[in-house]
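*Asks:* Spelled out from the first residue to the last, the chains are:
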Amino acid sequence: MINSLSSPERWSLTLALRAVHIDALLLLGLLVLLGAGLMVLFSAGDQNISLVVRQLIRVGTAFLVLIFLANIHPDRMRDLAYWIYGVGLLLLISVLMVGDEGKGAQRWLNLGIVRFQPSELMKIAVPLSVAAYIAERPLPPSFLRIVVCLVMVFIPSLLISKQPDLGTSLLIASSGLIVIFLSGVSWRFIIGLLISVASALPVLWHLMHNYQKQRVLTFLNPESDPLGAGYHIIQSKIAIGSGGLFGRGWLEGTQSNLAFLPERSTDFIFSVIAEEFGLLGVSMFLFLYLAIAGRGLYIASRAQSSFARLLAGSISLTFLVGVLVNVGMVTGLLPVVGVPLPLVSYGGTSMVTLLASFGILMSIHTHRRMMES
Amino acid sequence: MKTRLTLKDHFRESRLVNDRLIFSAILAGILFAIILVRLATLQIIEYKHFNDLSHNNRVSTQPLAPQRGLIYDRNGVVLAENIPTFSLELTPENVHSVDNTLTTLTKLFSLSSDNVAEIKKTIKEQRGFRQVVIRKSLTEKEVALFSVNQHKLTGVDVVARLIRHYPHGALFAHTVGYVGRLNERDQKNVDRNEYKGTLQIGKTGVEKEYEKLLHGKVGFRHIETNVQGRTVRELHREPSHSGQELFLHLDINLQKVASEVLADYNGAIVALEVKTGGVLAMVSKPDFNPNSFVSGISSKEYDLLRDSADRPLFNRSIRGHYPPASTLKPFVALAGLERGVIKSNSKTLCPGWYKLPGHDHRYRCWKTHGHGIVDLKQSLAQSCDVYFYDLANSMGINQLHGFLDHFGFGHLTGIDVPSESSGLSPSREWKIKAKNQVWYPGETLISGIGQGFNQTTPVQLAQATAMLAMRGVHVKPKVARAIRDYNTNELTLLSSETAESLPVINKKNWESVIDSMVEVTTGARGTARLLGKTLPFNVAGKTGTAQVFGIKQNQKYDAETLEKKLQDHALFVGFAPAENPEFVVVVVAENGGSGSKVAAPMAKRMIEEYFGLVAND
Numbered sequence: 001m002i003n004s005l006s007s008p009e010r011w012s013l014t015l016a017l018r019a020v021h022i023d024a025l026l027l028l029g030l031l032v033l034l035g036a037g038l039m040v041l042f043s044a045g046d047q048n049i050s051l052v053v054r055q056l057i058r059v060g061t062a063f064l065v066l067i068f069l070a071n072i073h074p075d076r077m078r079d080l081a082y083w084i085y086g087v088g089l090l091l092l093i094s095v096l097m098v099g100d101e102g103k104g105a106q107r108w109l110n111l112g113i114v115r116f117q118p119s120e121l122m123k124i125a126v127p128l129s130v131a132a133y134i135a136e137r138p139l140p141p142s143f144l145r146i147v148v149c150l151v152m153v154f155i156p157s158l159l160i161s162k163q164p165d166l167g168t169s170l171l172i173a174s175s176g177l178i179v180i181f182l183s184g185v186s187w188r189f190i191i192g193l194l195i196s197v198a199s200a201l202p203v204l205w206h207l208m209h210n211y212q213k214q215r216v217l218t219f220l221n222p223e224s225d226p227l228g229a230g231y232h233i234i235q236s237k238i239a240i241g242s243g244g245l246f247g248r249g250w251l252e253g254t255q256s257n258l259a260f261l262p263e264r265s266t267d268f269i270f271s272v273i274a275e276e277f278g279l280l281g282v283s284m285f286l287f288l289y290l291a292i293a294g295r296g297l298y299i300a301s302r303a304q305s306s307f308a309r310l311l312a313g314s315i316s317l318t319f320l321v322g323v324l325v326n327v328g329m330v331t332g333l334l335p336v337v338g339v340p341l342p343l344v345s346y347g348g349t350s351m352v353t354l355l356a357s358f359g360i361l362m363s364i365h366t367h368r369r370m371m372e373s
Numbered sequence: 001m002k003t004r005l006t007l008k009d010h011f012r013e014s015r016l017v018n019d020r021l022i023f024s025a026i027l028a029g030i031l032f033a034i035i036l037v038r039l040a041t042l043q044i045i046e047y048k049h050f051n052d053l054s055h056n057n058r059v060s061t062q063p064l065a066p067q068r069g070l071i072y073d074r075n076g077v078v079l080a081e082n083i084p085t086f087s088l089e090l091t092p093e094n095v096h097s098v099d100n101t102l103t104t105l106t107k108l109f110s111l112s113s114d115n116v117a118e119i120k121k122t123i124k125e126q127r128g129f130r131q132v133v134i135r136k137s138l139t140e141k142e143v144a145l146f147s148v149n150q151h152k153l154t155g156v157d158v159v160a161r162l163i164r165h166y167p168h169g170a171l172f173a174h175t176v177g178y179v180g181r182l183n184e185r186d187q188k189n190v191d192r193n194e195y196k197g198t199l200q201i202g203k204t205g206v207e208k209e210y211e212k213l214l215h216g217k218v219g220f221r222h223i224e225t226n227v228q229g230r231t232v233r234e235l236h237r238e239p240s241h242s243g244q245e246l247f248l249h250l251d252i253n254l255q256k257v258a259s260e261v262l263a264d265y266n267g268a269i270v271a272l273e274v275k276t277g278g279v280l281a282m283v284s285k286p287d288f289n290p291n292s293f294v295s296g297i298s299s300k301e302y303d304l305l306r307d308s309a310d311r312p313l314f315n316r317s318i319r320g321h322y323p324p325a326s327t328l329k330p331f332v333a334l335a336g337l338e339r340g341v342i343k344s345n346s347k348t349l350c351p352g353w354y355k356l357p358g359h360d361h362r363y364r365c366w367k368t369h370g371h372g373i374v375d376l377k378q379s380l381a382q383s384c385d386v387y388f389y390d391l392a393n394s395m396g397i398n399q400l401h402g403f404l405d406h407f408g409f410g411h412l413t414g415i416d417v418p419s420e421s422s423g424l425s426p427s428r429e430w431k432i433k434a435k436n437q438v439w440y441p442g443e444t445l446i447s448g449i450g451q452g453f454n455q456t457t458p459v460q461l462a463q464a465t466a467m468l469a470m471r472g473v474h475v476k477p478k479v480a481r482a483i484r485d486y487n488t489n490e491l492t493l494l495s496s497e498t499a500e501s502l503p504v505i506n507k508k509n510w511e512s513v514i515d516s517m518v519e520v521t522t523g524a525r526g527t528a529r530l531l532g533k534t535l536p537f538n539v540a541g542k543t544g545t546a547q548v549f550g551i552k553q554n555q556k557y558d559a560e561t562l563e564k565k566l567q568d569h570a571l572f573v574g575f576a577p578a579e580n581p582e583f584v585v586v587v588v589a590e591n592g593g594s595g596s597k598v599a600a601p602m603a604k605r606m607i608e609e610y611f612g613l614v615a616n617d
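Going line by line, the protein sequences match chains A and B.
So for the first sequence, this note's numbering puts the first residue at 1; every next one is plus one.
So for the second sequence, this note's numbering puts the first residue at 1; every next one is plus one.
These are computed hints drawn from the structure, not numbers from a lab.
Predicted model only: the values in this text are computed from it and were never measured.
Incorrect hints may appear among the rest.
[What the hints assert, rightly or not] Distance ranges between label pairs, derived from CB positions:
#, chain 1, residue 1, chain 2, residue 2, range
1, B, H96, A, K213, 30 to 38 Å
2, B, I22, A, L193, 19 to 27 Å
3, A, A259, B, S419, 47 to 55 Å
4, B, H49, A, W187, 36 to 44 Å
5, B, Q62, A, K213, 48 to 56 Å
6, A, T61, B, H49, 42 to 50 Å
7, A, L90, B, R38, 48 to 56 Å
The beta-carbon is built from N, C-alpha and C at its ideal position, and this holds for glycine as well.
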């Protein structure tokens, strides 16, 4: 169906992109968000242009990965799913034994040229392999399959939380659980699972590191420790609140530019947006996230196999979970668990992983057999 | 068959998954709505609260210390000023290598290893952009030395600050006083806001008394700081207001003479302008250099001053307790006349001693063989003790004490120099209260010649003498004369509160006492006859020689054999001209031996200086 309102040139550009398996709408959304994100990063990173350049290089690299993955047929991915999962798991185990430490946690594997976080690979491997496994048989899956899926999800999650990286562990667990949920598991089973998780919480508390417990306690009452653990949340709320409706303007945020806001170019970059662009600015950012995820969900709904449908759904929804957890965290609704704001926070590997997953989305959408046309 | 089944499954599966996708989308929408409500709460409803917090985060207020008012003497000579002092300061973050820089500085300024260790410790404790003081009060030579080597010393600067300075050193140490480091105890007594940024506060003397006027009004500036507290920019400045300038009654020339004539004697000289009570000179010896206290005195230097047997920090002019001795006699005589106990022509025989009826104890006159028959005039001129034993005995301690009260004996004069002592004018009530003993008649005799329990301060004697000179008008000694506003240059005289005049029963009584005091300085046998000789006007005076050491009944006072510490104090009180008084002077020279030989010539020099009669020698 040709949209009569669109100009022929633009339509032809869309078609040209389609030829190289790039979805124009998703690309547009990503580019707008990434551009706005770089602008915010310039302000949050003490107006250090080299920080922006480094991030731009990462974005470029990540786009190469996106294009590469977009051109691989989803079926090939499904064929390789277990291999990727297996390699990822091995790397995770090795990182716990020989990994480099960064910021007090063992997350990195030094490959000589680049340092690499195997947990990032698992962000794709887990939904990929769970979707592949669960789609092997007709949906909804049998109880046994669900149990196998849960094991597939929790082994890497536990390994990553041991590093310790609670944020990534959480995102990976949700990406797998989302696949299981989408596969049509009965509500009765879901409710039963939720009840058993709730009753397992005290056990989980016992297993948590002291700093993780501290984060939860601080979340419950940030003012109890204004100079220590609560400092992040208090300063973040000040930055957000003082932004008001219209914000202080780009580069004018005092909380960020005078360094009161900690981790402002990484986990707390949303607070910089809120301070400098106000409620209107953050609403636009949230709209962009919803638009991108919405396109992803649309792609999922139009996918031609259950595997692709589950995978696309999981990628889109996990993307939203990342946004919700990060924003919930900086606004004081959720504990500070260390989840970056997708596509905006400064950081290498997560950018590549995210755009790689969008590459998968595009692949799913552009490799359909054109039955309708 | 298999294909058909899969196709059918596929359709069912896609509906199943799509339902879940729609459910998830709705759930995500709800969660985003919650986030949006949260953001709206923070950014719109609680905006003011967080905006204030953000403002407080970045804006801090820095005090701007006011400049302390200067202090001048009556001629406009500066007694206390603010001078720039240079200190060598290091900013760690601007220094390439702290160790190398410190080594260079050690060579140039010969810093001690203790000093360097202290500096290194401070550098570690402070933030990198805060200055660390390497050396205080640099000499000009050291500043020059720094300038020459500045290229080797990036991150080190010479910083100028204003500190209090007393250009005349010890001369006004006790009167003007000094400022010192504002400590925690001081902070309790002042408005903390006003003293933010002020490092020094008046500790003694006029500097302490007029602290409020001299200090000025603090200013402030709002500065934007980042999270480490580093100043980013200044947002607003409210300048400070300098303190009031203070003009004193003190005359530097008289003060110099007083200090000169007292020479090496411990003691005090107080000179007043009679009509105003203005303190023209006030010297207490020994003295000290007040500049040592300004930027923190070393404990070694302080211990030396504090533990010195001569007590140089003790302001004898307002705190020193001395027996008034014979300088009390004019007041005792006036008491006798006014109370009608004697008449101006009453005579007494002085055989050299006095006995109370029914007692054997001999109260001796200073003149062993007696003055013979003396009247009031001669008894004062020659300072006959027996005349005053008899007078005191006839009058009784109650009347004597009551009369001396009017002249302020035993009371604070209220001079505007802090920590004055009240002295002691004994009475029956006092003795019961203080010693739980009854009053003995003999003690009345001793009180009559200003010995025994009597204790006065030099400023008290000056006040009493001034009131005698003014024929009963109340006089209150005052050091400060006027204030000048630093900004408007407006001069305001400090009015002295007028107190009730003394009761005067018969003016003639006062004149006859004053006449007798003139006889002291002019009479052939006057104890200070050398004083009045060359002066073109009459001086009313009285010498005093105060016993420090009790001499037994049959012993003889021999200055030669007695230790210096036990020798008598030499006193003189006087005013001039006797008929129309302008000037009062009181001299107390500790262990001076004799009022007439030691104290009276000192007073003469003061009178000559005041009236411009300095002989050219």
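*Asks:* Next, verify each hint and record whether it holds.
*Replies:* Hint check results:
no., hint, result
1, B:H96 x A:K213: 30 to 38 Å, "violated, 44 Å"
2, B:I22 x A:L193: 19 to 27 Å, "holds, 21 Å"
3, A:A259 x B:S419: 47 to 55 Å, "holds, 52 Å"
4, B:H49 x A:W187: 36 to 44 Å, "holds, 43 Å"
5, B:Q62 x A:K213: 48 to 56 Å, "violated, 41 Å"
6, A:T61 x B:H49: 42 to 50 Å, "holds, 43 Å"
7, A:L90 x B:R38: 48 to 56 Å, "violated, 41 Å"
Violated hints, in rising order: 1, 5 and 7; the structure is consistent with all others.
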